[in-house]
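Asks: Chain residues, written in single-letter form:
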Amino acid sequence: MASTKKEEVKLIGFWSSPYSRKVEIALQLKGIKYQYLEEHDLKNNKSPELLKYNPVHKKVPVLIHNGRPVVESLVILEYIDETWTQEPALLPSDPYERAMVRFWCKFIDDKFSPAVRKYLSLGPETDGENARTEAQECLKFLENELKGKKYFGGETIGMIDIVAIGLAFWQRTLQEITDKDLMNKQDFPLLCAWAEELLSCSVISDNLPPKDKFISLIRSRREAAAATSK
Amino acid sequence: MAPQGEVKVLGAWPSPFVMRPRIALNLKSVEYEFVEENLGNKSELLLKSNPVYKKIPVLIHGDKPVCESLVIVQYIDEAWKDSTSILPSDPYDRAMARFWAAYVDDKIFPTMRGIVAADEGEAKAAAVALFKEGLSLLEEALVKMSKGKKFFGGDEIGYVDIAFGCYISWFKVTNVISNVNLFDESATPHLVAWIHSFSSHPAVKDVMPETDKLLEFFNNVVLPRMRAAAAAK
Numbered sequence: 001m002a003s004t005k006k007e008e009v010k011l012i013g014f015w016s017s018p019y020s021r022k023v024e025i026a027l028q029l030k031g032i033k034y035q036y037l038e039e040h041d042l043k044n045n046k047s048p049e050l051l052k053y054n055p056v057h058k059k060v061p062v063l064i065h066n067g068r069p070v071v072e073s074l075v076i077l078e079y080i081d082e083t084w085t086q087e088p089a090l091l092p093s094d095p096y097e098r099a100m101v102r103f104w105c106k107f108i109d110d111k112f113s114p115a116v117r118k119y120l121s122l123g124p125e126t127d128g129e130n131a132r133t134e135a136q137e138c139l140k141f142l143e144n145e146l147k148g149k150k151y152f153g154g155e156t157i158g159m160i161d162i163v164a165i166g167l168a169f170w171q172r173t174l175q176e177i178t179d180k181d182l183m184n185k186q187d188f189p190l191l192c193a194w195a196e197e198l199l200s201c202s203v204i205s206d207n208l209p210p211k212d213k214f215i216s217l218i219r220s221r222r223e224a225a226a227a228t229s230k
Numbered sequence: 001m002a003p004q005g006e007v008k009v010l011g012a013w014p015s016p017f018v019m020r021p022r023i024a025l026n027l028k029s030v031e032y033e034f035v036e037e038n039l040g041n042k043s044e045l046l047l048k049s050n051p052v053y054k055k056i057p058v059l060i061h062g063d064k065p066v067c068e069s070l071v072i073v074q075y076i077d078e079a080w081k082d083s084t085s086i087l088p089s090d091p092y093d094r095a096m097a098r099f100w101a102a103y104v105d106d107k108i109f110p111t112m113r114g115i116v117a118a119d120e121g122e123a124k125a126a127a128v129a130l131f132k133e134g135l136s137l138l139e140e141a142l143v144k145m146s147k148g149k150k151f152f153g154g155d156e157i158g159y160v161d162i163a164f165g166c167y168i169s170w171f172k173v174t175n176v177i178s179n180v181n182l183f184d185e186s187a188t189p190h191l192v193a194w195i196h197s198f199s200s201h202p203a204v205k206d207v208m209p210e211t212d213k214l215l216e217f218f219n220n221v222v223l224p225r226m227r228a229a230a231a232a233k
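Which chain is which? The protein sequence lines are A and B, in order. For the first sequence, position 53 matches number 53 in my numbering, and the numbering has no gaps at all. For the second sequence, position 181 matches number 181 in my numbering, and the numbering has no gaps at all.
Be aware that one or more of the hints could be misleading.
In silico EDC-like cross-links for lysine to aspartate or glutamate, where the CA-CA straight-line distance does not exceed 20 Å [said to hold, decoys possible]:
1) Lys55(B) <-> Glu37(B)
2) Lys48(B) <-> Glu176(A)
3) Lys106(A) <-> Glu78(B)
4) Lys55(B) <-> Glu176(A)
5) Lys10(A) <-> Asp93(B)
6) Lys150(B) <-> Asp184(B)
Worth flagging that the hints you see were computed from the coordinates, not collected in a lab. Source: prediction; values computed, not measured.
Construct all of the structure, not just a fragment, from the sequences and the given hints.
Replies: Below, the structure written as structure tokens:
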């Protein structure tokens with residue numbers, strides 16, 4: 001799609017937010033030029049831009065297209081796909097397949113990610129068995145969805161792959177800081193192959209949070225959780 | 001491409017989420033069979049069609065199930081393209097509609113439940129204040145999106161109307177059981193007018209539960225469940 005009018009795309013994000021990373025991946029996959037604005041202190045000192053463009057939730061990511069904000073990562077991803085219609089298509093064209101993509105994206109955000117986050121945040125002393133089981137049950141559904149496919153999107157990366165990227169990255173992080181693993185090759189061969197495939201794409205790997213910085217963030221969260229549960 | 005096969009909706013009459021696909025199908029003049037589920041004894045069809053959540057509503061088109069009420073509404077909009085549109089055509093307007101529909105589920109519904117669950121006095125007052133904060137944002141959104149017309153969707157019911165309007169009977173029940181007035185004409189005049197317009201719309205009125213019936217359902221089924229859960233803690 002050739003645009004003759006001047007187009008201004010900005011993204012307010014944060015380095016460790018998987019949601020803002022997902023939007024960056026989508027923009028880069030589509031070859032959309034944008035200005036990235038990093039929030040420096042999301043906890044205590046949100047920027048005036050963030051408060052202006054996302055007054056309702058005050059969260060990242062915020063996409064600002066020609067001065068108009070779009071917020072909530074799933075809403076942003078669909079907006080990107082509908083506004084910039086060049087390849088790769090983030091959603092398929094068939095209505096039923098689109099419904100399936102939306103269902104799985106919602107599943108990953110509403111059910112799966114909280115389950116993984118909960119397990120990852122548990123301190124080294126805490127018994128994580130229940131949390132691990134819950135997360136693995138979710139993984140089984142996703143493993144099933146990959147049958148016969150390279151990516152969730154088929155031959156190319158699609159919206160589900162982008163929304164699920166945290167899984168591939170967290171899995172690697174988890175292996176560095178604990179001897180327990182969530183997604184083993186024996187039980188989840190397709191998901192493991194998918195994660196390797198995804199992480200070998202430069203668009204994906206270039207947009208993941210710096211590994212060491214991220215690992216120390218997770219470590220400190222786990223220690224804090226262990227300290228409060230004693 | 002013309003849709004193929006019969007349409008079924010698996011649901012239960014008290015559920016606001018079940019109203020959503022029914023309103024959407026009515027708007028599109030699509031015939032469907034409504035299957036009332038006994039949630040204490042879920043059917044094989046429901047368990048097979050929604051293995052992930054085992055919840056209603058489920059739309060079955062031909063033999064293909066679609067789950068999650070807002071996913072279903074978008075599917076209906078896209079599968080029956082030749083009828084009235086539920087989502088706007090402009091990408092930015094679509095993003096706004098999706099944003100507010102998500103807001104309703106993430107903030108409005110839980111804060112409404114918070115009012116019912118709150119103890120009398122300060123806790124309840126705080127819960128009501130929180131709910132009304134959300135409501136004032138929706139009042140603003142209605143003014144902006146309707147552009148002077150009756151609905152969030154403009155002249156006709158749209159995505160946000162369906163997402164939000166399905167809760168109307170439950171708001172009325174909350175008013176009775178918590179002895180509050182959630183929709184104050186002076187604070188949210190447009191929403192008050194919208195409630196009347198939405199409730200009397202031909203695509204809505206036959207699928208919206210009567211407040212009395214819902215109140216009875218709340219007292220006989222929901223309240224004992226809430227008490228049992230509280231006692232178990």
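Asks: Now tell me if each hint is right for this structure.
Replies: Going down the list of hints, with the structure as the test:
Distance hint between lysine 55(B) and glutamate 37(B) is fulfilled; the C-alpha atoms sit about 10 Å from each other, no more than 20 Å. For the proposed pair lysine 48(B) and glutamate 176(A), the alpha carbon gap of about 39 Å is over 20 Å, so the pair is violated. Taken as a hint, the lysine 106(A) and glutamate 78(B) pair is honoured in the structure, with Cα atoms around 18 Å apart against an allowance of 20 Å. Of the supplied pair hints, the one linking lysine 55(B) and glutamate 176(A) is violated, its CA atoms being roughly 38 Å apart against a limit of 20 Å.
Distance check on the hinted pair: lysine 10(A) and aspartate 93(B) sit about 19 Å apart at the alpha-carbon level, within 20 Å; holds. Restraint check: the Cα-Cα separation between lysine 150(B) and aspartate 184(B) comes to about 18 Å, which is no more than 20 Å; the hinted pair holds.
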